[in-house]
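Residue numbers (the numbering used here), protein chains in the order written: chain A, 1 to 279; chain B, 1 to 332.
Hints listed in this document are in silico derivations from the structure and should not be mistaken for laboratory results. Note that the structure is a prediction, hence the values are computed from the model and not measured. Check each hint, because a few of them may be wrong.
[What the hints assert, rightly or not] Result set (EDC-like, lysine to aspartate or glutamate): computed pairs, CA atoms no more than 20 Å apart in a straight line: (1) A:Lys132 to B:Glu72; (2) B:Lys177 to A:Asp57; (3) A:Lys132 to B:Asp43; (4) A:Lys261 to A:Glu20; (5) B:Lys178 to B:Asp119; (6) B:Lys186 to B:Glu208; (7) A:Lys165 to B:Glu72; (8) B:Lys112 to A:Glu151.
[Claimed, not checked] The following residues of chain B were derived to be distant from chain A, with all beta-carbon distances above 12 Å: (9) Ala12; (10) Met24; (11) Lys177.
Quick reminder that beta carbons are idealized off the backbone N, C-alpha and C, glycines included.
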Amino acid sequence: MLTDSQLALKSLRYRRKIIEVIKHVGAGHTGGDLSCTDILNVLYNRILRVSPATFSDPKRDRYVQSKGHCAEALFTVLADCGFFPESDLLTMCQYQSHYVGHPTRHISGVEQNTGGLGHGLPLCVGMAIAGKLDNANYRVFTLLGDGELAEGSNWEAAMCAAHYKLSSLTAIVDCNTLQISGRTGDVMNSEPLAEKFSAFGWAVRTVNGHDFADLTAALQEPLASDKPSVVIAQTIKGKGVSFMEDVAKWHHGVPTDEEYKTALAEFDMAISIQGGATQ
Amino acid sequence: MSAPAPSMYSDAAKQTAAQLGLKMGRANLDAFADTLLALAQADRNVLAVTSDSRGSGKLAPYSKALPNQIIEVGIAEQNLVGVAAGLASCGKTVFAVSPACFLTARSLEQIKNDVAYSDNPVTLVGISAGVSYGALGSTHHSLHDLAVLRAINNLTVVAPADNFEAREAVKAAAAAKKPVYLRFGKASLYDLPATEPLTFGKARVLHEGTDLAFIATGETVIHALLAAAYLEQTANRRCRVISMPTIKPLDTNAILSAAQDCDAIITVEEHMVNGGLGEAVAGVLAQSGIPVHFKIVGIPDEYTVTGSQADIFRHYGISMEGLAATARALLP
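Whole structure, please, built from the sequences with the hints as guidance.
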């Protein structure tokens, strides 16, 4: 297993690549990509039992990115895991590319087409029920945004997951406290999230969403044997780029040439401190 | 006590049906439930998913026989379709069963994204469709479903006309391994003449004729067939009767043949005239350049009249007498 330090280096390189892709293709959900990078890093490099070789295995673990708009982050991690060549990333959103601005099953490694919010959790409830019916021991994960939790379908699915005691299901909330219009607490307050999920019958743990050990400890096993699990990952939107961190306008946005240079320089400095070679 | 529901058929219509040798069958919902039970007994990967709809879906015997092959999600149609899609992605043959009015409106985004776009092979079963709920009113009517589902890529849309078409459609949907929408009503239906098998995307010609063609779908087909017989007896007009169970993909060849062979075409549907079978046929005709007299019979774009399904059908001319009158007015 990769060490925390190796994961830290990977996250820096993922984030640098995400910014490169967004700059190259001229679009992207920058802030959320950067807030969920460490979560995806831990999932794909430590938790999920899935690889390009096992992606069609019915017993594979499943990951559905409900907050589908953070596609650049997912695609970057999938490329690193060998699902497709990294050079494909630069075709994102280009004419006739399979790499749409949201995940689609045309792309190796993507379980479900997402992008409309409030869809991932119901899909994962279905997958977890199927696993239970088949006595399969795969786990099912989804990543939700805290703003996304205003969609009522999440709570229909949350009720259902607890009703069927779907312990193989883990939802992760990328709780970066911002959405497109501003602070989630101001737009539509979804807090207290832990209490809400707990009241719906879920096992809940709140973690630092940028701490590899903390995330790993919460994700490596289900939190309960008779309940679905939710990991509320407290994150910073725009994490890793000084002028993007915790700024709502970076929900989506392409850096100017000057901003781009600054962002890459920040990553290169951090990569160098982390002991990796800069690109 | 409520008054007994008025019959869907006038005495004259019943007499015509008798002359044609037609026997009254059961509701398509019953045919669906029996067929699904048989499929599920033969294959434990067949699942029904319900939204507190097992009773209205006639699935009580199914749930008793196969309690491990029915998933209840409660009154939560968005979750119903999402869960069904998730199950289907894991290799299950899934029938998501819910009143058509809720299934195709409240969960439309789940149908579009999680079933059709993600290509999860769910069979969406819209029960008590059209105006089956009669006087319960517009909240419970589905007069939009064919229109909205026609506009979704990768979805086959089917409205069976009788128990035969219903049974065959359920079997074909299970075998299709693709997203399918099936639309069933809850009124008993005459068994139509068994002329040809049911294949998705193919029309079934129930009666030959070249004066006029009725192109009808779902539970209105019987009224077109009776009207054709009535016109033959009373006006010496020979009408073709085409059952068009598949609204998408549409059998354009059957439409073009009718346009070439007949002087007039009347479409009939238990659906709003906007965006349903009639406008689909109109699109084919207009682009073909074949001149033909044409009329769409359905529910107009208005506050639907209150009444039973039979009342509503009669009010809007979906009856033997109503369709015969429309034909007389249209024919040169």
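Checked hints:
1. A:Lys132 to B:Glu72: Within the cut-off at roughly 15 Å; holds.
2. B:Lys177 to A:Asp57: Holds - the C-alpha atoms of Asp57 of chain A and Lys177 of chain B are around 19 Å apart, at most 20 Å.
3. A:Lys132 to B:Asp43: 17 Å, holds
4. A:Lys261 to A:Glu20: 10 Å, holds
5. B:Lys178 to B:Asp119: 7 Å, holds
6. B:Lys186 to B:Glu208: Violated, because 29 Å separates the two Cα atoms, which is more than 20 Å.
7. A:Lys165 to B:Glu72: 14 Å, holds
8. B:Lys112 to A:Glu151: 17 Å, holds
9. Ala12: 49 Å, holds
10. Met24: 39 Å, holds
11. Lys177: Correct as stated: the minimum Cβ-Cβ distance to chain A is 15 Å, above 12 Å.
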